[in-house]
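Undergrad: Each chain, letter by letter, is given below.
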Amino acid sequence: MTKELFSILLTAILTQNFVLAKFLGICPFLGVSKKLNTAVGMSAAVIFVMALATAVTYPINKFLLVKNDLEYLQTIVFILVIAALVQLVEIILKKYIPALYNALGIYLPLITTNCAVLGVVILNVDEGYNFAQSMFSSVGAGLGFMLAMVMFAGVRERLESCDIPKFMQGLPITLVAASLVSVSFLGFTGIVENIFA
Amino acid sequence: MAKLTKEFSKGIIAENPVLRLVLGTCPTLATTTSVESAIGMGLAASIVLVCSNIVISALRKVIPDKVRIPAYIVVIASFVTIVQMAVKAFLPSLDEQLGVYLPLIVVNCIILGRAEAFAGKNPVLASAVDGLGMGVGFTAALFLMGAVREIFGAGTFLGTGVPFLESNPMLIFILPPGGFFVYGILMAAVNRLAEKKGKPRAELRGCEACPMAQSCAIRKTDKEAAE
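These protein sequence lines are chains R and Z, in that order.
Just remember that the numbering used here sits 321 ahead of the position in the first sequence, which is counted from 1.
Quick note: the second sequence, position 151, residue 146 per the numbering used here, numbers continuous.
Isolated chain R (complex conformation) (with noise of 0.2 Å):
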């Protein structure tokens, strides 16, 4: 048991990375990877929401629409109950526990419509996951995004410096570049199955 949950947690973050393997969460992964500390900042709140958003929309789902029928309802109910616990959140975090809200605060909004969260919440329902299972792949694309985006942080500030030829400035470079840390992540094949054993 143990064992399974551990082996979704580390195919989540290593051979079925959520950025780099899945291209969900692109436009954060190249729009907010500038600097170091934001990275890590909108990474934090990313896992944060993604586990709250599987805890809440597993009970919807499995009581309210598997039980009714209404499996066709799954799209519009998750991005509904997501968009919505995100400005919930946002509201009890500036009034309670306002140091997580400094730190958090400011990446709540921008989560809503990331394609990351409502993507994790629609492959579990896929996979067929339980309660346990959901919530470690959950909290394991959070963990992978948050790779990703920091070491892509780190790979763009050493771009930085360098001397890039004209044509491929801006956009092209980080493309070829995040191509590049998305081919190391290929070394992890079969990693997760052989660790086991």
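Please note that the accuracy of each hint is not assured.
[Said to hold, decoys possible] Which residues of chain Z face chain R? A partial, calculated answer using Cβ under 10 Å: (1) Lys1; (2) Val17; (3) Thr23; (4) Ile68; (5) Ile71; (6) Gln92; (7) Val95; (8) Val101; (9) Gly173; (10) Phe176; (11) Glu190; (12) Gly193; (13) Ala197.
Note that these hints are calculated values from the structure, not bench results.
Note that beta-carbon positions come from the ideal geometry of N, C-alpha and C, so glycine has one too.
Guided by the hints, dock chain Z onto chain R, whose structure is given.
TA: Just chain Z now, kept in the frame of chain R:
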């Protein structure tokens, strides 16, 4: 009429959502492993875009300004659900290829972006034409990416073999790194063409085009830092 033609054609070249505005990057990278899934994704998103543009434009005087974003999301999500059901029923193989990216059309920033930037302010016909133009531009860009990746990565084009490459496909092109690489090279080529025509280079304007831009604090702090 001339105005409508302009609304239509701007989305295809001058304001191509993928290659000029750099929007909808997730589906662009994820669903272009073959021409078939690229076109499927493009068409599905275009249908949602046109329909949601029409409905949002028709309701633009009814929807209160304060809750417009949630209202737009509900309209878009409804059409995504309809498209999802239709694809599941009539094209199950496409449904399998697109997987989670089909429901994720909801959060495609091209659609919410057009709702916020155009459909919420313009009459129905113009909004429909704007959506159609943007949809064609999105599909064309996806087709281009899909064609390059399938020809080099699998040695086929729409399933038929391409001489020489068929026996020596470069698998990396259909793996995730190939997606980033092809998109990067395509952007470099498009930037080069734009510069020759005296137009600005495409930059990542994800934030400015984002419908949340006004309430987003990252942009506020960036602006304050700039001032």
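Undergrad: Now tell me if each hint is right for this structure.
TA: Outcome of the hint check:
1. Lys1: At 27 Å from the nearest chain R Cβ, Lys1(Z) fails the 10 Å test, so the hint is violated.
2. Val17: Where the cut-off is 10 Å and the nearest Cβ of chain R is about 7 Å from Val17(Z), the hint holds.
3. Thr23: holds, 8 Å
4. Ile68: holds, 6 Å
5. Ile71: With a minimum Cβ separation of about 9 Å from chain R (threshold 10 Å), the hint on Ile71(Z) holds.
6. Gln92: Nearest chain R Cβ about 14 Å off; hint violated.
7. Val95: holds, 5 Å
8. Val101: Hint holds; Val101(Z) Cβ to chain R Cβ min 5 Å, cut 10 Å.
9. Gly173: Holds. Min distance 7 Å.
10. Phe176: holds, 4 Å
11. Glu190: holds, 8 Å
12. Gly193: violated, 16 Å
13. Ala197: Hint holds; Ala197(Z) Cβ to chain R Cβ min 6 Å, cut 10 Å.
This entry does not satisfy hints 1, 6 and 12, going by the numbered hints stated previously.
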